[in-house]
Amino acid sequence: MVLSLLKSMVTSRSATSTAAPRATGSDSAPRVFDFHGGIHPPEHKALSNRAPLVAAPLPHEVVLPLSQHIGAPAQPLVEIGQRVKTGELIARAQGMISAPVHASITGVVTAIEPRQIPHVSGLEDLCIVIERDGEIDEWARLEAWRDWRQQEAQDLIQRLQDAGVVGQGGAGFPSAVKARVRERHAIDTLILNAAECEPYITADDLTMRTHPEALIEGLEILASLIGPECILIGIEDNKPEAVIALEQAIRARRADKRLPPLDSRLEVVVVPTKYPSGGEKQLIKLLTDREVPSRGLPADVGVVVHNPGTVRAVQRAVCFGEPMISRVVTLTGEALQHPHNVEARLGTAIGDLLRLAAPSASGIARLVMGGPMMGFTLESDALPIIKTTNCLLASSPETVPAPAVEQPCIRCGMCEQACPAELLPQQLYWFSKSREFDKAELYNLADCIECGACSYVCPSQIPLVQYYRFAKGEIRTAQHEARKSERARHRFEFKQARMAREEAEKEAKRQQRAQAAQKAAAARAETASAADTTSTASAAAPSAPAAATDLKAFKTARAAANIALKKAEKALKAAQDSGESSVSDLAALDANVTAAKAKLASAESALKAASEASESAAAAPASAVTGASAPAAAAPAAAASAGDLKAFKTARAAANIAVKKAEKALKTAQDSGEGDIAALEASVTDARARLAKAEADLKAASETSESAAPAAASTSTTGAAAPAAAAPAADLKALKTARAAANIAVKKAEKALKTAQDSGEGDIAALEASVTDARARLAKAEADLKAASDASEPAAPAPASTSSTGAAAPAAAAPAAAASAADLKALKTARAAANIAVKKAEKALARASESGEGDIEDLQTLLATAQENLRAAEVRLTSAQADGTDAPPAAKGAGELIPEAPKAAAGSVGRGSMASNVTLSQAEIEASRAENLAKRHKQVTIAVKAAEAAHRKAEAALSEADDESRQRLATKVDRTRRNLEHARESLAEVQALVDAQ
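Counted from 1, the sequence shown has number 628 at position 628 by the numbering used here; the numbering is strictly sequential.
No farther apart than 25 Å at their CA atoms in a straight line, the calculated lysine-lysine pairs in the DSS-like style are these:
#1 Lys597 x Lys509
#2 Lys828 x Lys747
#3 Lys552 x Lys608
Simulated restraints, written as ranges between beta carbons of each label pair:
#4 Asp577 x Glu931: 19 to 29 Å
#5 Asp763 x Glu502: 32 to 42 Å
#6 Ala560 x Lys747: 33 to 43 Å
#7 Thr556 x Leu993: 49 to 59 Å
#8 Ala826 x Asp773: 12 to 22 Å
No lab work stands behind these hints: they were computed from the structure.
Where a beta carbon is used, it is the ideal one built from N, C-alpha and C, also for glycine.
Please put together the full structure from these sequences, using the hints given.
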């Protein structure tokens, strides 16, 4: 046994550069190169290549799996009981890497169900079962293009896709995708792989002998799509009849003056018989001396390879409009009495085809789909043939030896000498057996073509290929689980970012509501201050101080009750928005709101009674004043009238806001179809009634104020009070300046601390102490400013009374405006910081992609999180800016006129309507998300390109490295490859999000 194997190896070495120029018909035969390793097993081709190619009878039933190709399975288009014609589309392709399925006979669909398919796994898959309808064979062909040269290239590619043409010599790769290869690669060589090196198989041999003209025309069609400089037909020297047939067809094509001359150089290249010269990479090495890179494709070296069966299917699809519904299958083996080749319809049962070759009486000991080297055993002959079935090998009991006993490896090295992929099979065997799959990957396990040469020459009878297949399966499973985990992680992170964004939007809305509540409180405080001033001015009446004191107490109680109601409503709303509170908690909060409303109603009733009593008490002193005292008494009355008028205006504005809110809530419920619409309509009606009453009260108060204005005007004082107001205004301005300086100091300290933390240099502890100290100073400055602002508020109405009624805004608005400006500045600073974080994340991702170092997945996640933070900061800033447009202008100082507040929009309801809080619409939010997604897609695309460049650079460095640095560079190549895979997966996920949007 060992001697025969050594003889086989010696024979393979002696045939390294042997060519067969005898059949080329040319004085200068094309040069033939050699590839490493290879073996010479017995051919056994004479069993089936002596009989002509015949057509198999139409089957009574066909079973058509929806996964006859690599990629996504087809999607059924027919129903049970539907009648179909031969060539009719019954399942369409899903995605780019997929192929449609057509009916191979005329009949009725009887089942669409999972059935066992011819696969090494032996598992089931979804299949369409068609039962033949009588003896008719009614076709549903596509349009025939005999003059296909007049068609556009895109139309030809689409025809290949519509016809379901896939590769018949390998994994069934869709030919339409291969035809688009020059969109991404420069192709200069088209190769017809006619080597057919595996023992027993003669399907391609008989195809070339029977249909040489169709093959030449099919090569012309593919060449018109790919644009190569030359077309090479690689064929082994054990097929002389096929060589002669092809050369005759080429000469006839060149002599046909009716057709245009060939655009590419077309040659038949005869190569020495050696297994596995029919391997894609090995044949490219034989014909062009080019080596396909590890984990690469033939297109990477400018080559496209097709199988004879595929080329003929291309010609039939384009010239005759026939979908791929049949193929040539070799029926061979010692268990068959009449082995030969047949052209059978797809889906035909294997047992029906074997009966055409007359199985021997001794029976079939083993049934193999494919050849003895790379095929796999079938457990049943009831399985159907598919697009990639090229041979059915039936072995007799005499030719099937007993399973050899695996012996320990003797480290002879024969497997390494036979390996055509130039791998180290012995090392791969040890790594696979010990489950060290990461090391097996480093030794390029993925480049193993599973040809079986190593197992064939192993003197220890070790099934090396089975170990490699096991390791590949485990690696694929681990990678699949890693991808699932990665996708789950990305989904979780995106969910977290989305929740953070939604929380930011909710927080922005809460801040808007809080600011609106602050404005309302400021308005009420202003009303109360004006009323207090009026009460103080009427001190001439003996009973006025006591009445004013009681009235002020009632107003304070009413304001406190109102604030308590707002707080209770806010707590209830927050609990409802969060959705985390229990039913009992919500019930308690609702009870608090009801109690607060009752207290507010009681306080308002008490205040109303006190106001009426105060008015009746003020009438008697006013009637007792005569002569010179009458003008002096008119001013307090006018001041009280002005305060009441302002209160009525405030009430009218509040009622208008209530109408707006009720109308908005009703419109939202009507649009969404959710909520109690009847109750909302009732609330709108009630709010409008309140608005009408408030406007009527305001109108009556205005008329009363106008009648009292002449008396008040005659008693107005001069500008003597202005100097007294100037000093508080100057102090307030100084405190504002101090607060601004403290705020700037905080920003500088925080920036210095951030810079030190990013660079890792400097005294971080001292910088943190300086930040704490600066914040304390800022807090003290803000407290001083607030105290001064509160102290200046009671004095503000006095200077204002020296001018016409309502000419100046209250000084109490200044602190609120200053606080609003400070909040806006803080939000702008936060937005800028988030933008800087996005820029840093983008730069870090670009650097990692270019260098191939670093964890690109973590950097991509960091970038996505930074973008979400930026989005949240922009939402908060936009909300604050929109809310700031409604804020009253700041006081300009003593003696200056304050500009009139902006008027309401044209669409506002009522004379005194106020602008509602501005929030971002759903359309604006979706537009911003789409913009961020587009930016993300662009960034990931750039990352993919950079990762590809880094991977190529690392591979180039590895190819030129010496032995000392090879291990380190190999690790770097592996890391850059993983980064490239992750980048491509991220791009696919982002592209899916873009497509879904």
